[in-house]
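Participant: Sequence:
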Amino acid sequence: MDADGVLQGEDMEGSWMLLSWFASFIMVFGGTLPYVPQFQDIQKTSNTEGFSTRVCLVLLIANILRIFFWIGKQFELTLLLQSVVMILTMFAMLHLCCTVQNTNRVSTKQHRLSDLNLHYFWQWSAFEDYLLFCFGFTVLCAVVTLLLLDSAVFVETLGSLAVVFEAMLGLPQLLQNLHNRSTKGMSVKMVLLWTAGDVFKTTYFVLNESPAQFWVCGSVQILIDVAILLQVLVYNQDTRVKLG
62 MDADGVLQGE DMEGSWMLLS WFASFIMVFG GTLPYVPQFQ DIQKTSNTEG
112 FSTRVCLVLL IANILRIFFW IGKQFELTLL LQSVVMILTM FAMLHLCCTV
162 QNTNRVSTKQ HRLSDLNLHY FWQWSAFEDY LLFCFGFTVL CAVVTLLLLD
212 SAVFVETLGS LAVVFEAMLG LPQLLQNLHN RSTKGMSVKM VLLWTAGDVF
262 KTTYFVLNES PAQFWVCGSV QILIDVAILL QVLVYNQDTR VKLG
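Taking the numbering used here, the leading residue of the sequence shown gets 62, the next gets one more, and so forth.
Rather than coming from a laboratory, the hints here were simulated on the basis of the structure. No residue lacks a Cβ here, since even glycine has one placed at the ideal position from N, Cα and C. Do not take every clue at face value.
Derived lysine-lysine pairs resembling DSS-like cross-links, with alpha carbons at most 30 Å apart [as the list claims (entries may be wrong)]: (1) LYS245 / LYS170; (2) LYS245 / LYS105; (3) LYS170 / LYS105; (4) LYS250 / LYS134.
Now the in silico label distances, taken between C-beta atoms and shown as ranges [said to hold, decoys possible]: (5) VAL267 / SER175: 40 to 50 Å; (6) TRP82 / LEU253: 24 to 34 Å; (7) HIS156 / ALA257: 17 to 27 Å; (8) ILE132 / ASN165: 38 to 48 Å; (9) LYS245 / LEU192: 22 to 32 Å; (10) LEU236 / VAL267: 24 to 34 Å; (11) LEU94 / PHE196: 25 to 35 Å; (12) LEU149 / PRO98: 13 to 23 Å.
Could you build all of it, start to finish, from the sequences and the hints given here?
Facilitator: Take a look at the structure:
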């Protein structure tokens, strides 16, 4: 092979490496982008009613489980970093929601984790309660993982649970929209970015031959995203009809 051929080969290899690094960067931080417009909408309107904080619950559980899955079966480091970034993002969303809700609260009655009232599960008044719940869940996962780490069945089950929860990401929002019969207060940009991100990451999982649980999860998420976008069309049409 001549010198030009060697240089072209090196250039091609460098380009692919750069592309790979860029894709990994998008995977790590891209998942947080959909929450930027929702975060801004909540700040602007001082209203959290259109956003389901159970989305945060689903993502926190999914990503905590994924971290322990990584301990048992070390897949791409990119996906581990993605989980850490997503957990921090969900805490930021919950902190904002708690702040806004406490500012708008008329009643002095507060709901705390220590009340052990299932009716108000994940509707606590203090951000610290969400942190405490996640800390307790993490400790429980750590103990169980330590005891069963040598079991391949347990590790695979852990991975499956992680992706099942993540696949249900949009379900709380879908159900809240159904309950409200409206998508008012929900950022459509967030859902569009969910859809784009889910298509991207599902393709990433397939091309990188990630565990099957990941691309199955991505496919389910895409279907739920599409359902939420259909809600936007249906409820907006209902609003126009009511207004005449």
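Participant: Please go over all the hints and tell whether each is borne out by the structure.
Facilitator: Cross-check of the supplied hints:
In summary, the hint linking LYS245 to LYS170 is supported, as the alpha carbons are separated by about 27 Å, within the 30 Å threshold. Taking the CA atoms of LYS245 and LYS105, the gap is about 14 Å. The hint holds against a cut of 30 Å. For the hint pairing LYS170 with LYS105, the CA-to-CA distance comes to about 26 Å; that is within 30 Å, so the pair holds. Taking the CA atoms of LYS250 and LYS134, the gap is near 35 Å; set against the 30 Å cutoff, the hint is violated.
Hint check: VAL267 to SER175, Cβ distance near 45 Å, so the stated range 40 to 50 Å holds. Separation of TRP82 from LEU253 is about 26 Å and conforms to the stated range, judged on CB atoms against 24 to 34 Å. Between HIS156 and ALA257, the C-beta spacing of about 26 Å keeps the proposed range 17 to 27 Å intact. For the pair ILE132 and ASN165, the beta carbons lie near 41 Å from each other, so the given range of 38 to 48 Å is met.
In this structure the hint that LYS245 and LEU192 lie 22 to 32 Å apart at CB holds, the actual value being about 30 Å. Checked against the hint of 24 to 34 Å, the pair LEU236 and VAL267 passes, with Cβ atoms roughly 29 Å apart. Here the CB-CB span from LEU94 to PHE196 is close to 27 Å, well matched to the stated 25 to 35 Å. Separation of LEU149 from PRO98 is about 18 Å and conforms to the stated range, judged on CB atoms against 13 to 23 Å.
Hint 4 alone, counting from the list given before, is not met by this structure.
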